[in-house]
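Asks: Chains as they are written, first to last, in this note's numbering: chain A, 1 to 148; chain B, 1001 to 1148.
If you're looking for bench data, these hints aren't it; they were derived computationally from the structure.
Warning: the hint list may mix true and false statements.
Claimed, not checked - List time: in silico DSSO-like cross-link candidates among lysine-lysine, alpha-carbon distance up to 30 Å:
1) A:K109 with B:K1089
2) A:K109 with B:K1109
3) A:K109 with B:K1077
4) B:K1077 with A:K33
5) B:K1087 with B:K1033
6) B:K1109 with A:K77
2 protein chains.
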Amino acid sequence: MVQNTSMRIGELAARAEVNIQTLRFYEREGLLKSPVRTASGYRSYTDSDLERVRFIRLCQGLGFTLREIQQLLILHKSVAEYRGVIKMKPSAVREIVTMANERLELIDKKLTALSSMRAELMALVRALSDDSAGTCPVAASPANKSKK
Amino acid sequence: MVQNTSMRIGELAARAEVNIQTLRFYEREGLLKSPVRTASGYRSYTDSDLERVRFIRLCQGLGFTLREIQQLLILHKSVAEYRGVIKMKPSAVREIVTMANERLELIDKKLTALSSMRAELMALVRALSDDSAGTCPVAASPANKSKK
DNA sequence: TTGAACTCTATACCCAGGTATATGGTTCAA
DNA sequence: TTGAACCATATACCTGGGTATAGAGTTCAA
């Protein structure tokens, strides 16, 4: 039941919700490895490529540059290799741990900043909602969203 | 007593660690209000402008665009006004609560993504450190040259 | 078998977010 | 009172991250 789901660039672009040109751009920039090609030269992608593209977009939304994302992808790959119990040289392990710790620091900074921003907004909403409770029946609960 | 902490553009730029041109750019783009001018036309900034610029840079690092940051700044200002017990019209309150809730949703998405990224990196570091050394404590320090 | 839809490479272009430069006025310590 | 260090406006340019277009080959359902 291991379905060999391969797809061409158009499908990957549609599924990852990015432009086809963007995928070729990522390939040129080294964020995506050169995929295998069909006999006629068409790029052939797998689900793991889809995952990778989604990861890239996610990171971009968090303020990482493409260069930083390249580093994150190396770590991402290390996780996969570790899960696959691939033996690594101690020097490689050390390098990865160092990189991971650097990334962790950046991530923690972002988490801290976002949390305080969140707290501030929550306080604002709570205060304004309570305040106007009598006269103004608005969002009393946080994350009160219009239905879709 | 020394509350006359006004500064010119060069000092603000140095303190906020941004380029002078960037400050003028933010002003043109409506992220900074037009500051008070000296008799000779020099821009005169206060500490609250410094705070504002730092807030802008912080948000940029979190993946917000300048347009999103403009929205965040409006909310930021609302917090200040609320603290100052400035009375607002119910319609204004409603609008702000809606905006705040929208921002909260975005922030929560970023927080979730960052947290899972953090967990993944932590797991990697823990696993690699345990595995490869046995005697090597989790550390970013590459000074550890212990060959087993 | 054909034509609409897809893909290829190559090249040019676009937008956000700055950054640099030219030209001229202002400040202030020496 | 002068000159180094500021600041002003205006305009041009740059970088990152894409996006569009041209011209040619491929796929596949009808």
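Asks: Give a verdict on every hint.
Replies: Going through the hints against the structure:
Between K109 of chain A and K1089 of chain B, the direct Cα distance comes to roughly 37 Å. Violation of the 30 Å bound is thereby established for this hinted pair. Annotation: proposed proximity of K109 of chain A to K1109 of chain B holds, straight-line Cα distance about 16 Å (limit 30 Å). Distance restraint check for K109 of chain A and K1077 of chain B: the Cα-Cα separation of roughly 24 Å lies within the 30 Å cut-off, and the hinted pair is therefore satisfied. Of the pairs offered as hints, the one joining K1077 of chain B and K33 of chain A is violated, with about 46 Å between alpha carbons and a cut-off of 30 Å exceeded.
Restraint check: the Cα-Cα separation between K1087 of chain B and K1033 of chain B comes to about 22 Å, which is no more than 30 Å; the hinted pair holds. Proximity of K1109 of chain B to K77 of chain A is assessed by CA-CA distance (about 24 Å); at most 30 Å being required, the pair is judged to hold.
The structure is inconsistent with the numbered hints 1, 4, although it conforms to all the rest.
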